[in-house]
Structure formats: C-alpha cells, structure tokens
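Protein sequence lines correspond, in order, to chains A and B. With my numbering applied, the first sequence closes on residue 166, and no number is skipped along the way. With my numbering applied, the second sequence closes on residue 166, and no number is skipped along the way.
You may find that some hints are simply not true.
To be verified - Only some residues are given here: those of chain B computed to face chain A with a beta carbon under 7 Å: (1) ASN45; (2) ILE60; (3) ARG61.
Said to hold, decoys possible - A short list of chain B residues far from chain A (calculated; beta carbon distances all over 12 Å): (4) LEU10; (5) ASN62; (6) LEU81; (7) GLU86; (8) ILE87; (9) ASP108; (10) PRO125; (11) ASP126; (12) ARG132; (13) ARG136.
Hints listed in this document are in silico derivations from the structure and should not be mistaken for laboratory results. The beta-carbon is built from N, C-alpha and C at its ideal position, and this holds for glycine as well.
Protein chains: 2
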Amino acid sequence: MTSMSVTDELLANAERYAATFDKGDLPLPPAKRVAVLACMDARLNPYGILGLTEGDAHVIRNAGGVVTADELRSLAISQRLLGTVEIILIHHTDCGMLTFTDDGFKADIEREVGIKPPWSAEAFPDLDADVRQSIRRILDDPFIPTKTSVRGFVYDVQTGKLREIL
Amino acid sequence: MTSMSVTDELLANAERYAATFDKGDLPLPPAKRVAVLACMDARLNPYGILGLTEGDAHVIRNAGGVVTADELRSLAISQRLLGTVEIILIHHTDCGMLTFTDDGFKADIEREVGIKPPWSAEAFPDLDADVRQSIRRILDDPFIPTKTSVRGFVYDVQTGKLREIL
C-alpha cells in the first residue's frame, strides 16, 4: 500500500473538476471588474462569501490580507492591463496575525536559522486599524489608477458575516 | 433609481452566505496542512479545481502566482505558526503575465505617472520555466522549514486540467 500525500488527494479532485469542466471560453479580463485582496486564512472562502464564480474577479491573498509591494504590483497589473476598477479588502476575526509580533517572530527565526528575515512580518494588534492601514496604502500608491471604490471589511469566521470598516 | 456598484452586489451575496452559514467552529490551522500559491486570474478557482472547502488550506495569490518576498513571508507564517507542510504552486495558460515585459510595463507607467515603479513586475515569457523558477525560489529560502512537498502545476483555462511541471 502506497501512502498518498494530501497533494495527491487534491490532484485526484482536480481530475474530477476537469472531467465536468465547461468554462473553457471565458475571457482573460475579470467580468465583474473587481479585485479582491483577502487573508490566506483557510476559513475565509472569497468565492463562497462574495458569490464569485470562474471568470468574475481577481483574487489576491496573503498572510493577513495586508498591502505590501507585491499587492501593489498585483493591483497595478489588475487595473492597468486587465480593466478592474473596484477593490475589496477582507481581513477576518481570529486571524493568526493577531497572535504574534514582528519582532518576536523574527527573533525566533533568527535563533533557529541564524538569519533574520529581511521582510516585515506584517503582524497587527488591531483588525479594524489594519484594514484602514491597508486602504491607506492603496490610496497612497501612485501606480494604481482607479481608487473610487476601495472598501475594506472584516469577515467574522464564527458567524460568516462581513462588517464594513468605515 | 440608485445605481449599485459591483461591490454592493457582492455584499448582497455575502448576506446570503451568512444567512445559511454553519461553519463557525473551524480551527485556525488548515485541516489539510497545505498552502496553495496560485495566480490571481479570475478563471482559476483553487476551491473548485482542488476540491477545497472552508478550513482546508491556506490560499496565497498574486499576479502570476510568482514567488516574491511577500509570498515567502506568507509561506513562513503558514508553516511556522499554522502547521502547513505541503506547498502547491499553480500558474495557468493564457496568463496576462505572458503578454508584456517588465521594462515595457514600467516604462508605460513612468511615462504616465512620472515615477518608475520600484518593484519588478514579474512578467515571464515561459510558463513552465516560471513554475520552475517559483519552486526554486521556495527551495532556496532559508525561512520556510518544510520543503519535502513543493510541487508546481500549470492549469489549462480551456480544458480545466492541471499539468505537473517536473
């Protein structure tokens, strides 16, 4: 008996997805002209929450749903080359980023590996404040052309509800 | 008659999602101990393709599904703080990143905005080679502890199939 990795299990799912696939003629630009930036958290499913399906929206994700240089790059490409005009940011309750500090995380890594990571870990102590911080980083970026709809939310992993941060 | 933005439409979907939500007791660490890094492309739905549901896996996404400092940050957090041990990379056919060059894109922006973006746009001319490049960047990173299963794929947006890059 060979042991199957989780990746192998997921690849079996992928074969099933392809077997009934009928969306082969979708265009490259997102139909809804929206880019979503959300935390990578396993419980936060942007497709389920926002009712998105294949072809609808760009989905950008990372630890925290924060805005760093790479998200500004992705958003610039999304708007300039592929026509999106609205941005939706989603953080969530019970986020891992609330459980540590940049200094502590990087000191732990340095102790183990002998090298201190050259990046900011982007941990944050306050969800609402970090959503506002993310919005501000986008509004302040000179390379994203359309900023008329940049809205931020906190998703509650216990109730499934989105709450807008104003 | 008031005009509704697409964001408002998606928020109406979010209310429907919350109304039947029954997954409020999922733990923070991903059940399948997998992190997926995929392109932000609208046609590439990692939940559909891999058969993932809420609670299963971290999902990290950006323009191209490339590995930059922010993806290394997210993967380090995913493994070190939240216990994932396998990594799945997904690029796809008909990717926007195949349609331009870093130099051209940045020159266009500089001409319009007067500032040249300080980031690499991460455009690539060859899908398979960029999947291998992304795998190598992960294998070379000193802060990601577990690299026994780092596998890369190209998703075909016309057939719905995944092809592994070896």
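- Query: So which of the earlier hints does this model not fit?
  - Reply: Hints 4, 5, 6, 7, 8, 9 are the ones this structure does not satisfy, whereas the remaining hints hold.
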